[in-house]
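Participant: One letter stands for each residue in the lines below.
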Amino acid sequence: MANWTTASKRMLSEVMSAETWLPTEMPEYAQGFMYMLGSLTASSFVVLVLSGILLAMNGPDSWSYNSAMRFIAAVHFWGVQAFFFFMMLHLWRVFFTGAWRGGRGLTWLLGAIAFLIAIPTAFTGFLINGDLYSEWNIVQAKDGLNAMGLGWVNLANSGQMFGMHVVVLPLLLTIVIALHITRVRTKSVVPPYPNVKVKGQTEKGGSAS
Amino acid sequence: MNPRDDVVKNYRMVPEDFVKHLFSTLAIVIVVVLLASILFNLPEKQPLTIKGYSTAHPVQFEEVVLRALDGQGQIANYGPPYNHGTGNVESFLQQWAGILHPINAAQDFVIKPLKMAESLNPTIAPALKTFEHASKAQQALWEANYTKALQHATYKNGIVVAPPGNYGPLPILLNDALALGKSGLYSGALIRNPKVITRFDNQNYVLFLQGTPLQTDPATQSMAGPNWGIIHPAINGYPGAWWMTIPTWIYQWPFVANSSASDALALSIGFLFWLALALTPWIPGWNRLPRYLGVHRLIWREFYKNQPVDTPPAAVEEGGREHAS
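Protein chains in written order, with the working numbering: chain Y, 1 to 209; chain V, 210 to 534.
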């Protein structure tokens, strides 16, 4: 078996290298708006974390009696809309470009896991807001969790939901996003499909691969 | 070429200011989010409170209290994780998880709040004593009679008045509950936990309202399951949780919608959808679909412009060996 220390050293050297994180050149195909979508998603997450810290510092109901906190809550609300909007566009882009090719399956899987964790992360935020939307979704969604044997997650327990939304889920999400981005940086973005005709397409020349 | 890779390797690297790229995307998001916040603020809608509901619908409020008392309410007969009921049991997993947040609806939703109000309202104690000392059969008879009577009841001078009948102490108790509801104190009585001073757990408050009060509230109708539920916001015109469109769509499938285990089915099928997404790289056929769809030709339009269209795969790989980054 390979030397674990050597393998870890090699991996860490790559992951912790400035060359990995601060590239000065990119592949010619990875240009334009389509290649901003992942960064736009990550940027939305940064905005969510920053506005979320301000909300956590002041309490989840501070929007209801303080106009400045109401504005921060609005930033947090639109931040989550931006996060999912860019994430969805990013998902379409990586799907249509077959981004799992060339040994990038794990990158894709980590992205899919991030999407899955993002759903309850956002949902628990809606629940601790305390308005009609919170109230309605607590009573509606509890049946699904209870049915799946996940009744320990008590949506009507604001303390539990606060902990889930502010600590547990964002921490998990941060870790998975960090792993996803690390994979993107170390494996680079997927190169295009070979420019050859495939069955069902009408481009000139080439042969099916 | 190796079909597993299926990638070109003869591409150039071009100069990039990655830090500028990251700050640019951050600036774009900050501007968009700030603009949306300034222009549209927050889509907050006033929640349904016990005070609001009991004031607006006193007779229906007494019906809700009576259903909690006689065990006919949704939570009273729900099942795990609240109690041993059977009304809302969808899977063995639910049974297996057991009772984690116990609720005795009659006690927790009605009797205990009324006992707390005894010191404020002396009419409660004797009526409650009469009710608690009556036999189960007697209680059930009063409850059945008063359930029918409430259908013809009216609200006069601050109390609900039913046609005369054999209801025992129920009219007094339910009007006392109504007074407690209208005062705004009912919610606090529902979530009281004498062991702690904090009030993190709103379970009994929210679940008290989860049946008729919330289900018939005009403000919740656009968010109801058959209307594609959660993806709709509480205030029209704002975005909701639209990323839940697929599970919400599954809830609309007739065999799911008509099932007594609709939540378990919808979530399980939704998870399979996610699994198909997550395992895309390893699902034969599905993992080659994008190549056949051809959308990548639009995305990499500029790249393909400069690429020889008919490069044989072997040559692509050879070229790649020379120019691969």
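The reader is advised that the hints may include incorrect statements.
[Claimed, not checked] Distance condition first, Cα-Cα at most 25 Å in a straight line; then the derived BS3-like pairs of lysine-lysine:
hint	chain 1	residue 1	chain 2	residue 2
1	V	324	V	260
2	Y	187	V	218
3	V	321	V	404
4	V	260	V	391
5	V	229	Y	187
[What the hints assert, rightly or not] Residues of chain V clear of chain Y, computed beta-carbon distances all greater than 10 Å:
hint	residue
6	250
7	315
8	332
9	349
10	350
11	449
12	516
[To be verified] Here chain V is said to cover these stretches of chain Y; the calculated rule only asks that three of the stretch's residues, wherever they fall, bring their Cβ under 8 Å from a Cβ of chain V:
hint	segment
13	69-80
14	89-99
15	139-150
Keep in mind that the hints were calculated from the coordinates and are not lab data. Source: prediction; values computed, not measured. Glycine residues also receive a C-beta, built at the ideal position from the N, C-alpha and C atoms.
Participant: Run every hint past the structure and note whether it holds.
Facilitator: Hints, one by one, checked against the model:
no. : hint           : in the structure
1   : V:324 to V:260 : holds, 19 Å
2   : Y:187 to V:218 : holds, 14 Å
3   : V:321 to V:404 : holds, 16 Å
4   : V:260 to V:391 : holds, 5 Å
5   : V:229 to Y:187 : holds, 21 Å
6   : 250            : violated, 5 Å
7   : 315            : holds, 19 Å
8   : 332            : holds, 32 Å
9   : 349            : holds, 28 Å
10  : 350            : holds, 31 Å
11  : 449            : violated, 8 Å
12  : 516            : violated, 4 Å
13  : 69-80          : holds (count 8)
14  : 89-99          : holds (count 5)
15  : 139-150        : holds (count 10)
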